[in-house]
Structures are given as structure tokens and as C-alpha cells.
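*Asks:* Single-letter residue listing:
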Amino acid sequence: MATLSQTAPSPRGLRWLRALADKLSGRSLAETGRQMLLPAIGIALFLAFWHLAAPQVQTSLGAFPGPADVWEQSGRLWQAHSNQRDRADQFVIMQEKRNEGILAENPDAEVKIRDYPSAPTFFDQIFTSLGTVLAGFVLATIIAVPLGVMVGLNRYFSAAVNPLIQIFKPVSPLAWLPLVTMVVSATYVSDDPMFEKSFLTSMITVTLCSLWPTLINTSVGVSAVNPDLLSVSKVLRLSFWTHVRKVVLPSSVPMIFTGLRVSLGIAWMVLIAAEMLAQSPGLGKFVWDEFQNGSSESLSRIMVAVLAIGFIGFLLDRIMLLIQKKVAWNE
Amino acid sequence: MTKSHLEITNVQMAFDTQDGPFIALENVDLKIRKGEFVSLIGHSGCGKSTVLNIVAGLLQATRGGCVLNGHEVNTPGPERAVVFQNHSLMPWLTVYENVELAVQQVFRKTMAKQERRDWIRHNLELVNMAHAANKRPGEISGGMAQRVGIARALAMKPSVLLMDEPFGAVDALTRAHLQDSLMDIQQELNNTVIMITHDVDEAVLLSDRIIMMTNGPKATVGEDLHIDLPRPRNRVALADNPTYVHYRQDVLRFLYEKQRKLETIAPRRGRQKTETNSDETSAQAAKA
Chain A
1 MATLSQTAPS PRGLRWLRAL ADKLSGRSLA ETGRQMLLPA IGIALFLAFW
51 HLAAPQVQTS LGAFPGPADV WEQSGRLWQA HSNQRDRADQ FVIMQEKRNE
101 GILAENPDAE VKIRDYPSAP TFFDQIFTSL GTVLAGFVLA TIIAVPLGVM
151 VGLNRYFSAA VNPLIQIFKP VSPLAWLPLV TMVVSATYVS DDPMFEKSFL
201 TSMITVTLCS LWPTLINTSV GVSAVNPDLL SVSKVLRLSF WTHVRKVVLP
251 SSVPMIFTGL RVSLGIAWMV LIAAEMLAQS PGLGKFVWDE FQNGSSESLS
301 RIMVAVLAIG FIGFLLDRIM LLIQKKVAWN E
Chain B
332 MTKSHLEITN VQMAFDTQDG PFIALENVDL KIRKGEFVSL IGHSGCGKST
382 VLNIVAGLLQ ATRGGCVLNG HEVNTPGPER AVVFQNHSLM PWLTVYENVE
432 LAVQQVFRKT MAKQERRDWI RHNLELVNMA HAANKRPGEI SGGMAQRVGI
482 ARALAMKPSV LLMDEPFGAV DALTRAHLQD SLMDIQQELN NTVIMITHDV
532 DEAVLLSDRI IMMTNGPKAT VGEDLHIDLP RPRNRVALAD NPTYVHYRQD
582 VLRFLYEKQR KLETIAPRRG RQKTETNSDE TSAQAAKA
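Residue numbers (my numbering), protein chains in the order written: chain A, 1 to 331; chain B, 332 to 619.
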């Protein structure tokens with residue numbers, strides 16, 4: 001296998017084949033295996049500990065769920081989801097058939113097209129959560145980055161705005177929620193709303209809490225541009241906007257992305273809390289409902305949600321990291 | 332008398348500090364002709380960079396000023412291109428794009444697109460960096476990055492090329508190569524250059540004139556030495572040329588005898604040896 005990588009230069013098309021062959025070679029697999037060994041051991045030990053410790057903790061809703069209970073519940077949640085999808089498909093087919101029949105008899109008749117009425121499943125709720133967090137995060141970015149650039153560029157603006165940043169930064173989402181709820185209820189009134197009020201409330205709360213890291217990191221990145229580069233910009237007599245576009249922003253991109261990663265992590269955490277209280281149909285609501293439900297399966301299902309939340313948070317961070325690697329020039 | 336290309340007149344530079352104004356430069360007068368290669372040499376802290384920054388327009392002199400081609404200059408501009416000690420290339424742009432930034436900015440309206448492209452290539456070839464046009468500063472060595480910095484400065488077609496210890500951050504061997512490249516470029520383009528350096532050999536080898544500055548504070552022009560060595564200059568051949576050696580000795584004498592600057596020496600046998608040079612140098616300056 002070693003000789004494969006030392007042959008004569010190949011045409012570009014076959015290079016990926018070679019890379020794949022290298023990856024699957026015995027040596028490379030062994031290396032990957034070794035890298036995954038310690039994490040695998042860590043996870044296995046944790047699962048063993050959890051499996052043994054869980055039945056020891058008795059609550060009013062039964063024993064604390066162990067890994068086996070969580071696995072069983074996740075299977076059930078998936079089953080419930082696919083069952084509902086099947087029923088929904090059936091409903092749509094039946095509805096179409098019925099409407100065809102009506103139209104065949106009387107082409108001018110009014111036909112109703114309704115969605116399958118049902119509560120959102122666990123996986124629907126995951127998607128709602130993801131949508132809300134991304135909406136809130138994007139809004140936070142749109143506000144924080146330009147504001148951060150202004151704060152970084154102008155000393156006086158920075159001095160004026162800094163106390164406000166420091167005071168609002170530590171505020172918990174749970175404190176913002178009542179205020180945001182009241183404002184949204186009062187101002188977002190329409191006969192055919194595009195968004196649910198609970199969605200808006202969650203989204204705005206996420207924005208309010210997650211914009212601070214991006215704002216601060218952007219302003220730091222902007223104010224810490226290499227002074228030699230600033231001198232070059234002066235010698236070239238770059239106009240203000242050209243200077244910002246071609247020198248300041250590219251120079252600050254690494255710091256901005258660090259801020260974005262932190263902000264996304266905070267946004268995801270804040271979202272779950274916001275959804276719980278705003279009753280937006282996402283993972284937060286799922287946890288809250290299960291808790292209120294108080295069935296013997298509740299704790300297990302909540303545990304499934306906890307693991308899902310953690311895993312999704314991890315995925316979001318990894319995606320940001322990938323984007324950062326592509327965009328940041330100093331890595 | 333030929334009209335000077337660049338005139339620095341009666342420049343004083345005072346910085347505000349907690350203990351009152353710190354006067355770095357006092358009565359600096361300098362006249363430079365077109366096509367002259369002038370080296371500015373002196374001990375650390377004697378204000379050489381300050382003079383360069385004032386000519387570049389990055390600092391405003393507190394008194395006196397700088398006139399280029401009959402116009403006063405007190406703001407930065409591409410006609411006084413600067414080469415910094417650290418290459419100061421934009422790390423996110425390739426070598427080509429770094430030079431392109433300067434060319435776009437200066438010649439956007441006066442050169443056509445293809446002409447600009449050719450001009451960028453030409454300057455990169457001048458410094459032998461055309462082969463690395465698509466590399467980023469992080470992927471090339473310090474010496475190569477410094478060449479690109481020089482290419483960028485030359486691409487602006489400056490009236491004066493200002494170089495702030497351009498070869499200070501590279502090793503001795505690379506420095507020799509870069510000096511030779513600079514001499515070749517100077518031969519071809521005949522730019523007016525002001526170069527700050529610490530290296531006596533470099534100053535004598537490269538320049539037409541060496542301006543030796545006194546020690547700060549209140550530093551001023553100490554001595555002005557014309558180097559009458561024929562070009563092109565070969566460092567190996569010059570090594571035992573008596574004129575070269577003589578010039579070198581003049582500069583060394585100025586730096587190490589007339590403008591002696593002793594740092595505090597670590598205590599030997601419990602005794603600390605410190606010596607300021609203000610009395611000695613002001614006496615020398617009065618003599619000169």
C-alpha cells in the first residue's frame with residue numbers, strides 16, 4: 001500500500017482516487033482507530049456509569065432514565081413521527097381523490113384543501129428550533145457586525161456605547177422574555193400573520209442575548225488592525241469606504257468569526273429556555289410539555305431531548321468552524 | 332546649483348508626554364537632489380524613523396516642513412511610497428493582489444486594465460517575484476515578502492522612495508541578495524531614495540550620500556558624507572578598496588567615537604557603570 005503513494009505523478013482526475021485509497025489503507029484506518037479509541041472509551045465508561053447509577057435515583061415519576069430507556073424512547077419518538085407522516089400522506093391522497101370527485105361532478109364547486117391536523121412531532125419540533133435559532137442568529141449578526149465595526153472605528157462612539165454594552169450583556173433571556181412577549185403582542189397584529197407570535201418572541205429573545213459576543217469581538221477586531229497596514233492605507237490614500245472594505249473588514253474577519261461561533265452557542269442555549277416560556281413549538285416546548293405531562297416515560301423523553309439538544313449544538317458549532325476555516329485567512 | 336527635489340527645512344518634532352514636551356528632533360535641514368540615494372544612519376532612538384515619517388506625511392512636524400518638487404507635503408501619499416521594516420503586505424491577499432491594490436488605487440483612472448496588469452507583472456519581475464504571484468504572504472519567506480513590499484512601493488511610481496530599515500528583519504545572506512537587487516533596480520530606475528539603516532556597510536555600499544544623525548533628544552543632522560564610488564558597486568571588490576574603507580571608517584568614527592552612546596552595563600564587582608553622552612556629544616556637535 002505504501003508504494004501506491006510514491007508512483008509517478010498522476011492526472012488530476014485520479015488524485016481523489018488515490019486519496020481515497022490512502023484513507024482506506026490499513027495504516028490510515030489504524031490511525032483513525034487509534035484517534036477514536038480514547039473518546040470511545042470515555043463514552044463507554046460514561047454509559048456504563050449512567051446505566052448503573054440511574055436506577056439508584058428514584059423520583060416521583062419513577063427511576064431516573066438509564067441509557068436503555070433513552071434508546072427505547074428515541075425509537076418510539078421516531079416511530080410516532082413516521083406513523084404521523086404516513087397518516088398525513090394518506091390524508092392528502094384521500095383529500096385529493098375526494099376533491100377530484102367533486103370537481104368531476106361539478107367543475108365550479110369550491111374545494112377545500114386542508115393540512116393534516118395534528119400536533120408537531122419531536123422531529124418537527126427539532127426543525128422549528130433550528131429555524132428559530134438560525135433566524136435569531138442571523139438577525140443578531142446583521143445588527144452586531146455593522147454596529148461593532150462602527151464602535152471599533154470610532155473612539156468616541158466606542159466610549160459612548162460601551163457602558164450600554166456592558167450593562168445589557170449579562171441579562172438572562174428569562175428576564176427579557178416578558179418584555180418581548182408584551183411588545184410583540186402589542187405590535188404584531190395582523191389578520192393573516194406570516195409568523196407565529198411565539199416564534200417572533202423566541203427569535204427576538206435569541207437575538208437580544210446572542211448579539212453581544214459578535215458585537216464585542218467585531219469591535220476588538222476592527223480596532224486592532226495591524227498599524228503598519230493602516231499606514232499602508234494612508235500612503236495609498238484609500239477613501240474611507242475603500243479602507244473599511246479592503247483593509248479593516250478582511251483584517252477583522254478572524255475575530256468576527258470567533259465572535260459568531262460564541263454567539264451561535266449562546267443562541268442555541270437561550271433558544272431552549274425561550275421556547276419553554278414562550279411556548280414556541282420547538283424542543284424547549286417539548287421538554288416543558290413532557291415535564292407537565294408527568295407520565296412514566298417523561299423523564300426518558302426529556303433525556304432524549306437533552307441529548308438531541310447537545311448533539312445539535314455540537315453540530316452547529318462544527319458547521320461554523322468549517323465556514324470559519326474557509327473564510328479566515330490566518331489558519 | 333541644481334534645484335533640490337526634496338527639501339526638509341528647520342524641522343522640529345516635539346511629542347507631548349507626562350513630563351512635558353519631548354523634543355525628538357531639532358533644526359533638521361536636508362536637501363536631496365533627484366536621483367540621489369541617501370542613507371540616514373544613527374544610533375537607536377535618534378529620530379531617524381521620525382524624520383522618515385515626517386517626509387512620508389504620517390507625522391506632522393511641530394515646526395518646519397517638507398517640500399517636494401516645490402509643493403509642501405504634510406499628508407501621506409503614493410508619490411512618497413514607503414517600504415516598512417515588516418513587509419506590511421495584506422495577509423489575505425496574494426502577492427499579485429497586494430501590488431494590484433496599490434496600482435488600482437494610483438492608476439485606476441490613468442491606465443487601462445491591460446496596461447495595469449502588465450505594469451504589475453513588470454514590477455514583480457523587477458524584484459524576481461513573478462513566479463510567486465499567486466502565493467499569500469504567509470506562504471513565502473520574509474525576504475521574498477520584503478521584495479514584494481519593494482515592488483508595491485515601486486509600482487506607485489513614487490517621486491521619493493522611503494525605506495525604513497527595509498532589510499532589518501531578514502538574515503544577513505538574504506540581506507546581501509536584497510541589497511544587490513536594490514542596486515540593480517536603482518541602476519535601472521534612478522529613483523530618489525531615502526533609506527534608514529543601522530548597517531554601516533549597507534549605507535556605504537548602496538548610497539550616494541550618508542546623513543549621520545546625532546543622538547536624541549533634540550537630534551539633528553550631524554555629518555553629511557558624499558560617497559564617490561563608481562557604480563555598479565561590487566561588495567567583494569570593494570572590500571579592500573581604500574576609498575570604501577575610508578568612508579566606512581568615517582561613519583564608524585562618527586557613530587562610535589563622536590556620538591558614543593553607552594548603555595548601562597550590568598554591575599561588575601558591585602559597581603554599576605553608567606554614562607550619559609550629552610556633554611561629550613554637545614561638545615562634538617559644537618566643534619563640527
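Hint data in this document are derived by calculation from the structure and do not stem from the laboratory.
One or more hints might be untrue.
[To be verified] In silico PhoX-like cross-links for lysine-lysine, where the CA-CA straight-line distance does not exceed 20 angstroms:
1) LYS488/B with LYS440/B
2) LYS197/A with LYS246/A
3) LYS549/B with LYS246/A
4) LYS549/B with LYS488/B
5) LYS326/A with LYS365/B
6) LYS234/A with LYS488/B
7) LYS234/A with LYS246/A
8) LYS466/B with LYS325/A
9) LYS246/A with LYS589/B
10) LYS365/B with LYS488/B
11) LYS97/A with LYS112/A
12) LYS466/B with LYS440/B
[What the hints assert, rightly or not] Far from chain B by the CB rule (all over 10 angstroms, computed), these chain A residues:
13) VAL171
14) VAL220
15) SER231
16) GLU297
Using N, Cα and C, we set each Cβ at its ideal position, and we do this for glycine too.
*Asks:* Next step is simple, just say for each hint if it's right about the structure.
*Replies:* Taking the hints in turn, this is what the structure says about them:
Between the alpha carbons of LYS488/B and LYS440/B the distance comes to roughly 15 angstroms, so the proposed pair stays at or under 20 angstroms and holds. Between the alpha carbons of LYS197/A and LYS246/A the distance comes to roughly 41 angstroms, so the proposed pair goes past 20 angstroms and is violated. With a C-alpha separation of about 39 angstroms, the suggested pairing of LYS549/B with LYS246/A is violated against the 20 angstroms cut-off. For the given pair, LYS549/B sits about 34 angstroms from LYS488/B by alpha-carbon distance, which is inconsistent with the 20 angstroms threshold.
Between LYS326/A and LYS365/B the CA atoms are separated by roughly 48 angstroms; this puts the pair beyond 20 angstroms, and the hint is violated. At roughly 16 angstroms between alpha-carbon atoms, LYS234/A and LYS488/B fall within 20 angstroms of each other, so this suggested pair holds. Proposed proximity of LYS234/A and LYS246/A is supported: the alpha carbons are some 13 angstroms apart, at most 20 angstroms. This hinted pair checks out: LYS466/B and LYS325/A have alpha carbons roughly 18 angstroms apart, not beyond 20 angstroms.
With a C-alpha separation of about 48 angstroms, the suggested pairing of LYS246/A with LYS589/B is violated against the 20 angstroms cut-off. Between LYS365/B and LYS488/B the alpha-carbon distance is near 14 angstroms, which keeps this suggested pair within the 20 angstroms criterion. A hinted pair counts as satisfied when its Cα atoms are at most 20 angstroms apart, and LYS97/A with LYS112/A qualifies at roughly 12 angstroms. Among the hinted pairs, LYS466/B with LYS440/B is inconsistent with the structure: their alpha-carbon atoms are about 27 angstroms apart, more than 20 angstroms.
At the 10 angstroms boundary, the C-beta of VAL171/A stays outside the reach of chain B, the nearest C-beta of that chain being 36 angstroms off. At the 10 angstroms boundary, the C-beta of VAL220/A stays outside the reach of chain B, the nearest C-beta of that chain being 18 angstroms off. The Cβ of SER231/A sits about 6 angstroms from the closest Cβ of chain B, inside the 10 angstroms cut-off, so the non-interface label is violated. No beta-carbon of chain B is positioned within 10 angstroms of the beta-carbon of GLU297/A; the least distance is around 54 angstroms.
The earlier numbered hints that this structure contradicts are 2, 3, 4, 5, 9, 12, 15.
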